[in-house]
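Asker: Take the sequences, apply the hints, and build the full model.
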Amino acid sequence: AVKNEIHRQNTKLELIASENFVSLSVLEAVGSPLTNKYAEGY
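With my numbering, letter number 23 in the sequence shown gets 1338, and the count goes up by one each step, no holes.
What the hints contain is simulated information worked out from the structure, not anything from laboratory work.
Keep in mind that the hints are not guaranteed to be accurate.
[Said to hold, decoys possible] In silico DMTMM-like pairs for lysine to aspartate or glutamate, Cα to Cα no more than 25 angstroms straight-line:
1. 1318 to 1343
2. 1327 to 1343
3. 1318 to 1334
4. 1318 to 1329
Answerer: Shown next as structure tokens:
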């Protein structure tokens, strides 16, 4: 499931406003691309 999500994030254009992409430093700290699904930008 995680590999599929990584592939989706790398190859698809996301138009859902609530799905943001976290910065690389946050992604490295959390360690999961699933964080992008629940990212909140302030």
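Asker: Are the hints correct? Go through all of them and say.
Answerer: Evaluation of the provided hints:
1. 1318 to 1343: Distance of about 16 angstroms is within 25 angstroms: holds.
2. 1327 to 1343: holds, 21 angstroms
3. 1318 to 1334: Holds - the C-alpha atoms of residue 1334 and residue 1318 are around 18 angstroms apart, at most 25 angstroms.
4. 1318 to 1329: This hinted pair holds, its Cα atoms lying about 17 angstroms apart.
The structure shown violates none of the earlier numbered hints.
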